[in-house]
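A.B. asks: Residue-level listing of the chains:
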Amino acid sequence: MNWQAFIEVLVGGLLSGVMYSLVALGFVLIYKASGVFNFAQGSMLFFAAMTCAGLVGKGLPLWAAALVSLVVMVALGLAVEKFVLRPMVAQPEISLFMATIGLSFVIDGLAQIIWGSTAMKLDLGVEDMPLEALMDKTGIAVSQFDLLAAAVAAVLVSGLAVFFSKTKVGRALRAVADDHQAALAVGIPLQRIWGIVWGVAGFVALVAGMLWGARNGVQFALTSLALKALPVLIIGGFTSVPGAIVGGLIVGASEKLAEVYIGPHVGGGIEAWFPYILALGVLLIRPEGLFGEKIIRRI
Amino acid sequence: MFYREAGQYKTSYADDGQIFPIRQDRYAIAVLLLVAFVVVPFTASAYLLSGILIPCLIISLAALGLNILTGYAGQLSLGTAAFMAVGAFASYNFVLRIPGIPLLLAFALAGMVAAFVGIIFGLPSLRVRGFYLAASTLATQFFIVWCLTKFSWLSNNSSSGIITAQPMQILGYTFSSPASKYLLVLSIVAVMALALKNLVRSNTGRAWMAIRDMDMAAEVIGFPPMRTKLLAFAVSSFYCGVAGALYAYAFLGTVEPDGFSLDLSFRVLFMIIIGGLGSISGSFIGAGFVFLMPIALNMFFGATGIHMPESVKSNLEQMIFGGLIIFFLIVEPHGLARLWQITKEKLRIWPFPH
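Order-wise, the sequence lines are chains X and S.
Per the working numbering, residue 503 is the first one in the first sequence, and the count goes up by one each step.
Per the working numbering, residue 7 is the first one in the second sequence, and the count goes up by one each step.
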């Protein structure tokens, strides 16, 4: 076995796993705080990337475009909370889930009406090239773009962790996540909290959208990232931020390793389903994922 | 005034247990079936038959299948299209490899194969529930489509992966005209819907509903959760499998994995949510609604005469579709079938509401 190649695949997988974690993070935030499985997260990501790339295409500098997109995404999140979720309070989870699928149609359509349906390029100023210093020393190719993504993810997660544990709003968020009614009873404004969560999810979608868009091109295929994030969520647990990160790393690494080492024996193309089968395996051992809250069931 | 059961006495157990206890319902169903079986095949155009009615009926059958699993047994599934694909490919292979096999038997066997696959992929439902289960049924979707593309034996080593379905022959008669295909599909769907209507009123159906409402409580009062859940997966997949076989044979005319994408799974799920979870008529109403809405929107845009680029139009249609789904979920989260039920309740006391 070629160790150099193995490490290269492993590191590449881990780093691409970080990118999955970024997508999964948006799901976790919303699921944690409002119990909604937001299928439209992929579409929000697509919308954010389209907006940013479109504005850059109109001549805005990148930072300004990102800022405007951020405002747009937060506004979108707030609008979703107001027009879709608020009328559906206390509906069964599956109805909310279906509503977010409907929402994903609306957002996809809107993004393509505004910005057209051709793929766009988004240049973040970092190329998807192997890091030369590392390449020379050890012969292992690690993309510097992936390293940037990993750094961004680390910053984002630690930022969110601080936000959740140290700020007043963050504590309110955790209270809401624990128990909606109890949170209401101690005077936490539920709807404002949900608005904030959707706003933050919009922000996460923007970051993930920019990174994925810069890497794969800003195109409709970005919406399918939501499906890629699902096994990550299952493995990590729907309610855990660290779970999203660990799940992403596991999925990224195992998917690449499987493709390289198992794929050739069964005809290739197993990347599409391998994470799901892996997730199924995890589910059979731990039904709530690695870091999910233990489900206590009473009659 | 016209829709009330006053004066309709039930004097025997058979009366008490009949499927449609109200006489007006029986008449309505009889008229509906009569129109569907006799009037439509002679009057409808070929496009209406093969472009709208046949796919609509087939997709209703798939919706029925998913409704067994999600609506009655409470197990959320996103793998409907995969089970349909299994049914389509299985029936293709049965017809191909067993010369002289009766077509209906091939369809039934294809349903059995789908049911078997359903049981295997239903195993996780014993441990997980809710969205975890939904996400794990996605594994079915991706894995099966991958299998069907990779193992060329299943598609008879066809190079393109797209194969033409064999002509449908029963007792020497070939179903080739739209009207005959329509009648075949309608017969199968009607019989299966009737069977299901009876099944959900039986012990089995009640066990499913008990599991759906609270599986631990159901277990405590003596419903074996494993058998009940797996049976739901099996019956549901059987329906989806037959629907898939019909979809390939009577509608597409080809058998290909790409026809059974995740998109189709989602559409079927939409149908039962909008139509009504746990309702037979809801499956049909929902299927009709979801299937016809894009066509109606398209015609609406054509009629208004507003000129816009094709891409904008299709995106706008998509947005309206999504918006309408949200709208219906907000207005009537229990689906169109519930709306129909409310109408019936109102009709019973009309025109004297007090």
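Just so you know, the hints here were simulated from the structure itself, not pulled from any lab data.
Please note: incorrect hints may appear among the correct ones.
[Said to hold, decoys possible] Partial selection, computed: residues in chain S whose CB lies under 8 Å from chain X:
| # | residue |
| --- | --- |
| 1 | 61 |
| 2 | 62 |
| 3 | 118 |
| 4 | 122 |
| 5 | 125 |
| 6 | 134 |
| 7 | 136 |
| 8 | 137 |
| 9 | 149 |
| 10 | 273 |
| 11 | 276 |
| 12 | 313 |
| 13 | 317 |
| 14 | 318 |
| 15 | 335 |
[Stated by the list, open to error] Calculated from the model, a selection of chain X residues having no Cβ within reach of chain S, i.e. all distances over 10 Å:
| # | residue |
| --- | --- |
| 16 | 618 |
| 17 | 683 |
| 18 | 735 |
| 19 | 782 |
Using N, Cα and C, we set each Cβ at its ideal position, and we do this for glycine too.
A.B. asks: Provide an ascending list of the numbers of those earlier hints which the structure does not satisfy.
C.D. replies: 1, 2, 3, 4, 5, 10, 12, 16, 18 and 19
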